[in-house]
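Protein chains: 2
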Amino acid sequence: MQSRGIATRGRILRVSLRLFAQKGFNNTGVAQICSASRLSKGAFYHHFESKQAVFLELMRDWLRGVNGQLENVMGKAGSVPQGLLSMASRMREVFQAADGRLEIFLEFWQQARRDRVVWKGLMAPYREYRDMLAQIVRKGVREGSFRSVDATAAGQALETLAVGTLLQSVLDPGGAQWDRVIRRSVRLLIDGLAARRQ
Amino acid sequence: MQSRGIATRGRILRVSLRLFAQKGFNNTGVAQICSASRLSKGAFYHHFESKQAVFLELMRDWLRGVNGQLENVMGKAGSVPQGLLSMASRMREVFQAADGRLEIFLEFWQQARRDRVVWKGLMAPYREYRDMLAQIVRKGVREGSFRSVDATAAGQALETLAVGTLLQSVLDPGGAQWDRVIRRSVRLLIDGLAARRQ
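Note that the protein sequences, when read in sequence, are chains A and B.
Using the numbering used here, the letters of the first sequence correspond one by one to residues 1 to 198.
Using the numbering used here, the letters of the second sequence correspond one by one to residues 1 to 198.
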């Protein structure tokens, strides 16, 4: 894509995120996205098939950032438990980077439930997280940090803590210090996985 | 309330739950609830202030059942860890008893965010769960089952596992066997809390 194309695509994404957050996903139309980003419908449809496609790209864009951060953190850590704790400590940034996307996610999800393609696009990344976390636990068992636990179960537990905290932080932002909740919860779970008490 | 009044109230709740689940909360009006339950608007408003009030009562009704079950299970358990594991094992029934209410919850929550009174009604019960779970952990420390952990943190972790699993079971029902996920996750967390390895 040429640089002007990339700039246009970026503008559509930025403007859409702002409009979705302000007016809700259902109440935002392609026409409004076009007028707010001073583009023709032709230009919009050159880049995206629909506003659903824009939203999926906004999710993927956020998750790419999250993945990059997580890989970076795990790569630097001296052990799997240390890596998982560092990941948990970065959740505040993950929450902040989500920047309204999760609220739209809940609205979008309701719309997407009857559309198989959109649905799969929506659910795929977080099923991948579960696999990634199971692999990390397996590595922890191999390196001797963890006892020989069921890695799938442990990966699901870690993912449930992350997703549960994220969703609660959206549903009830003032209900707790959610970045602290995830950090302390992961710490307790790691104690449960540990080969010996630390 | 006289028995006819109780029957009418129950009918409104049943019919509303069915309509909310079929058509969505936003797309269901009081007029439709009245016509489907063959009641006048006067009769409806005698029992409920609004359809929001009906939904809050549906949530409370479900949660009363959950609370009764949980108290029963904890009362019978020989120790706190056993009690928590039994609670986790009953989650399949909790999920089933929710019976569409959680999907409506997500839709309702979006609407409620700008209404302080409804919002508080929506969030209060699950803040209470967090306190209840913290108290249970404290009891576990007192009885010597758990090491001297931060009970608030542990209660939040348990609640996050429960809420996280519930929400994921709604968002992605086929993504995992959610009742199994909660059982195994709570088991791992209990291992992390344990005074000694079991």
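These aren't lab readings, by the way, just hints derived from the structure by calculation.
Among the clues, some could well be false.
What the hints assert, rightly or not - Coverage of chain B stretches by chain A, computed from C-beta distances (three or more under 8 Å per stretch; other residues unrestricted):
no., segment
1, 79–87
2, 151–158
Stated by the list, open to error - Pulled a few chain A residues facing chain B out of the computed Cβ check, cut under 7 Å:
no., residue
3, W109
4, A112
5, L161
6, T165
7, L167
8, V170
9, L171
10, P173
11, D179
12, V181
13, S185
14, L188
15, L189
16, A195
To be verified - Each computed EDC-like pair below joins lysine to aspartate or glutamate, with the alpha-carbon atoms no more than 20 Å apart:
no., chain 1, residue 1, chain 2, residue 2
17, A, K23, B, D115
18, A, K23, B, D150
19, B, K120, A, D172
20, B, K23, A, E107
Owing to the predicted nature of the structure, the values given are computational and were not obtained by experimental measurement.
Note that the Cβ used here is the ideal one computed from N, Cα and C, for glycine as well.
- Against the structure, test the hints numbered earlier, and report the numbers of the ones violated in rising order. 1, 4, 8, 10, 11, 16 and 18
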